[in-house]
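**Student:** Take a look at the letters that make up each chain.
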Amino acid sequence: MVILSVMILNKAGGLIYQRDFHEGLHKLSSNDFLVLAGTFHGVHAITSRISPVHGSGGLEVLESENFRMQCFQTLTGTKFLIFAEPHQPNIDVICRRVYELYADYVMKNPFYQIEMPIRCEAFDRHLMAYLKPKQ
Amino acid sequence: MSLQPPTSPFVPFSPNPALQPGTPSSTTPLSIAQKPPPVSSASLRYASTRRSIYDRNLNRTQRAELSKASFAFLFGEMIQYAQKRVSGIQDLEKKLNIQGYSIGQRLLELLLFREGRSAKRETRILGILQFIAQTVYRHLFNKPADGLERSHDKDDEYMLIDHEPVVNTYISVPKEISLLNCAAFVAGIIEAVLDGSLFPARVTAHSTPTDQYPGRTVYLIKFEESVLEREAMLAGGKP
Numbered sequence: 001m002v003i004l005s006v007m008i009l010n011k012a013g014g015l016i017y018q019r020d021f022h023e024g025l026h027k028l029s030s031n032d033f034l035v036l037a038g039t040f041h042g043v044h045a046i047t048s049r050i051s052p053v054h055g056s057g058g059l060e061v062l063e064s065e066n067f068r069m070q071c072f073q074t075l076t077g078t079k080f081l082i083f084a085e086p087h088q089p090n091i092d093v094i095c096r097r098v099y100e101l102y103a104d105y106v107m108k109n110p111f112y113q114i115e116m117p118i119r120c121e122a123f124d125r126h127l128m129a130y131l132k133p134k135q
Numbered sequence: 001m002s003l004q005p006p007t008s009p010f011v012p013f014s015p016n017p018a019l020q021p022g023t024p025s026s027t028t029p030l031s032i033a034q035k036p037p038p039v040s041s042a043s044l045r046y047a048s049t050r051r052s053i054y055d056r057n058l059n060r061t062q063r064a065e066l067s068k069a070s071f072a073f074l075f076g077e078m079i080q081y082a083q084k085r086v087s088g089i090q091d092l093e094k095k096l097n098i099q100g101y102s103i104g105q106r107l108l109e110l111l112l113f114r115e116g117r118s119a120k121r122e123t124r125i126l127g128i129l130q131f132i133a134q135t136v137y138r139h140l141f142n143k144p145a146d147g148l149e150r151s152h153d154k155d156d157e158y159m160l161i162d163h164e165p166v167v168n169t170y171i172s173v174p175k176e177i178s179l180l181n182c183a184a185f186v187a188g189i190i191e192a193v194l195d196g197s198l199f200p201a202r203v204t205a206h207s208t209p210t211d212q213y214p215g216r217t218v219y220l221i222k223f224e225e226s227v228l229e230r231e232a233m234l235a236g237g238k239p
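Line by line, the protein sequences are chains G and A. Under UniProt numbering, think of the first position of the first sequence as 1, with each following residue one higher. Under UniProt numbering, think of the first position of the second sequence as 1, with each following residue one higher.
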């Protein structure tokens with residue numbers, strides 16, 4: 001599987017985690033990533049309001065020629081954005097697994113402060129092992 | 001530290017001793033009209049069978065397992081609780097060590113009780129270390145310890161190796177306090193087992209990461225001199 005990048009947004013729309021898993025991606029500055037996350041948070045909120053269907057959860061997939069972005073929102077409002085190749089199958093399974101890793105290695109870490117940027121070495125390690133297994 | 005007499009009568013698991021029927025009190029008996037409100041079922045801490053964990057046979061929960069996630073949350077809270085009350089890493093490790101120590105004291109008693117007639121009191125250093133690496137470790141973590149070594153340069157130091165301590169599974173220590181190893185809690189348990197078997201020692205946990213095992217932890221066991229003297233005597237008594 002080819003996963004390009006993963007982002008995690010807290011419930012206020014702040015970027016708390018960003019990591020690339022593929023070579024040759026367009027490099028953004030950390031400030032740009034923050035703006036991107038904030039913008040997406042707003043767009044997500046708008047899409048859930050203007051949806052003609054009642055009770056819509058908002059934007060879930062964004063497809064383009066070069067990538068496919070999947071947004072997975074947890075019940076508490078944390079969002080996982082996964083950027084993958086356009087025809088990546090089973091991306092919802094990947095989302096769930098990343099969420100599981102987050103629940104294990106971030107939320108069960110007593111040194112992590114909730115809603116703050118994630119700096120957990122064990123989370124990095126396990127995410128890397130899952131999304132980029134050694135060839 | 002001086003022992004203080006208990007200030008209140010010890011009534012286990014009773015949130016409000018005054019409401020317990022049959023508890024003598026110096027106040028005048030209440031009239032029937034002023035009956036105390038019935039204790040709601042929410043405040044009762046007994047199971048519906050009125051049997052608590054203390055009523056069970058000690059051998060019954062021998063193979064019982066508990067959820068790793070709930071332990072992780074509990075242990076996380078213990079660390080956060082301790083962290084609020086300390087000034088440095090060493091203080092925090094000491095606090096965790098003390099928390100583990102009280103568990104180790106009880107655990108040794110329980111394990112020896114469960115071994116029944118085959119239980120024996122270890123008198124040699126190797127014997128007690130094997131007991132910890134095998135019996136204690138199996139009971140706590142369902143696996144034996146990954147290694148037991150003797151220090152090359154110091155006679156009184158032994159090393160118990162764990163490639164991935166269960167208590168540290170979900171913990172990532174921040175860089176600024178990278179010297180901290182929360183397995184100090186387990187070190188406290190080991191220390192209590194050693195102390196309880198009359199092998200007074202200091203046990204500390206140290207992180208020694210390798211590429212294969214990033215969470216590798218070494219428990220450094222430093223025995224007191226009296227232990228080594230006795231060991232030398234026991235070894236000399238043999239042909």
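I should point out that these hints are in silico values taken from the structure, not numbers from a laboratory. Just so it is clear, the structure is predicted and the values come from calculations on it, not from any experiment. Be aware that one or more of the hints could be misleading.
Label-pair distances were calculated between CB atoms; the ranges are [claimed, not checked]:
#: 1; chain 1: A; residue 1: Glu176; chain 2: G; residue 2: Gly77; range: 22 to 32 Å
#: 2; chain 1: A; residue 1: Ile89; chain 2: G; residue 2: His54; range: 49 to 59 Å
#: 3; chain 1: A; residue 1: His206; chain 2: G; residue 2: Val53; range: 39 to 49 Å
#: 4; chain 1: A; residue 1: Val86; chain 2: G; residue 2: Thr74; range: 32 to 42 Å
#: 5; chain 1: G; residue 1: Val53; chain 2: A; residue 2: Asp55; range: 28 to 38 Å
#: 6; chain 1: A; residue 1: Phe73; chain 2: G; residue 2: Pro117; range: 40 to 50 Å
#: 7; chain 1: G; residue 1: Thr76; chain 2: A; residue 2: Leu228; range: 53 to 63 Å
#: 8; chain 1: G; residue 1: Tyr130; chain 2: A; residue 2: Leu66; range: 47 to 57 Å
Glycine is no exception: its CB is placed at the ideal position from the N, C-alpha and C atoms.
**Student:** Broken hints, numbered, in rising order?
**Tutor:** 3, 5, 6, 8
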